[in-house]
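K.L.:
In order, the protein sequence lines correspond to chains W and Z.
With the first letter of the first sequence counted as 1, position 73 gets the number 73 in my numbering; the numbers rise by one all the way through.
One rule links them: number in my numbering = place in the second sequence (from 1) + 1000.
Treat the hints with caution; some may be incorrect.
As the list claims (entries may be wrong) - Computed list of lysine to aspartate or glutamate pairs in DMTMM-like fashion (alpha-carbon distance at most 20 Å, straight line): (1) 1002/Z - 102/W; (2) 1002/Z - 24/W; (3) 1042/Z - 38/W; (4) 1098/Z - 62/W; (5) 1098/Z - 59/W; (6) 1042/Z - 54/W; (7) 1056/Z - 59/W.
Hint data in this document are derived by calculation from the structure and do not stem from the laboratory.
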Amino acid sequence: DGGITQSPKYLFRKEGQNVTLSCEQNLNHDAMYWYRQDPGQGLRLIYYSQIVNDFQKGDIAEGYSVSREKKESFPLTVTSAQKNPTAFYLCASSIDEERAYEQYFGPGTRLTVT
Amino acid sequence: QKEVEQNSGPLSVPEGAIASLNCTYSDRVSQSFFWYRQYSGKSPELIMSIYSNGDKEDGRFTAQLNKASQYVSLLIRDSQPSDSATYLCAVTMNRDDKIIFGKGTRLHILP
């Protein structure tokens, strides 16, 4: 899992509540990413950020929000607008040089919403 | 629509044999290719990256890239039970900031 931490490992919430997932890295990587993974599915990109104070929507951004106020941190908020939030959430980072697309993942947060 | 296709498996291989995992991609201009290993309940771990046609070897792992045929493969020699995992193929264009992941192939090494 390198120098990327995600907390908590397991998270339980009631439907209708917003919840924020933490992602911190000490690798001095410029780019950070959020994915969700559902059983038997590949990784789907939610949001990504190449530099501080800038981020872009991925393929499934609806119902999610992010911020990138510091290079080390890229928190993800799952809002009540997300229709099916129960999933395994993965944060990744990559160094913005020649091998920019070698992404390294944190340990993940498993979110269950009931 | 960019796509990365993998056989979902499970692929069962006897211990000590060669495991061969394949991946095809739809975007002809894709330039960077990766293999990740994911154990059940864990996050993906980058094990190989390849950027040019041909073979790239790292220990028991060999990645093979054929851009003309749009496929990339991963060979695991002397397969061990600890190699049992899901292997994700990932592809990107250097002009695009995003990686496209396949759904993964489940590999089961039989002791």
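K.L.:
Could you run down the list of hints and mark each one as holding or not?
P.N.:
The hints, checked one at a time:
Restraint check: the Cα-Cα separation between residue 1002/Z and residue 102/W comes to about 19 Å, which is no more than 20 Å; the hinted pair holds. Of the supplied pair hints, the one linking residue 1002/Z and residue 24/W is violated, its CA atoms being roughly 30 Å apart against a limit of 20 Å. Distance hint between residue 1042/Z and residue 38/W is fulfilled; the C-alpha atoms sit about 13 Å from each other, no more than 20 Å. Under the criterion of a C-alpha separation no larger than 20 Å, the hint pairing residue 1098/Z with residue 62/W is consistent with the structure, at around 17 Å.
For the hint pairing residue 1098/Z with residue 59/W, the CA-to-CA distance comes to about 10 Å; that is within 20 Å, so the pair holds. For the proposed pair residue 1042/Z and residue 54/W, the alpha carbon gap of about 29 Å is over 20 Å, so the pair is violated. Of the pairs offered as hints, the one joining residue 1056/Z and residue 59/W is violated, with about 31 Å between alpha carbons and a cut-off of 20 Å exceeded.
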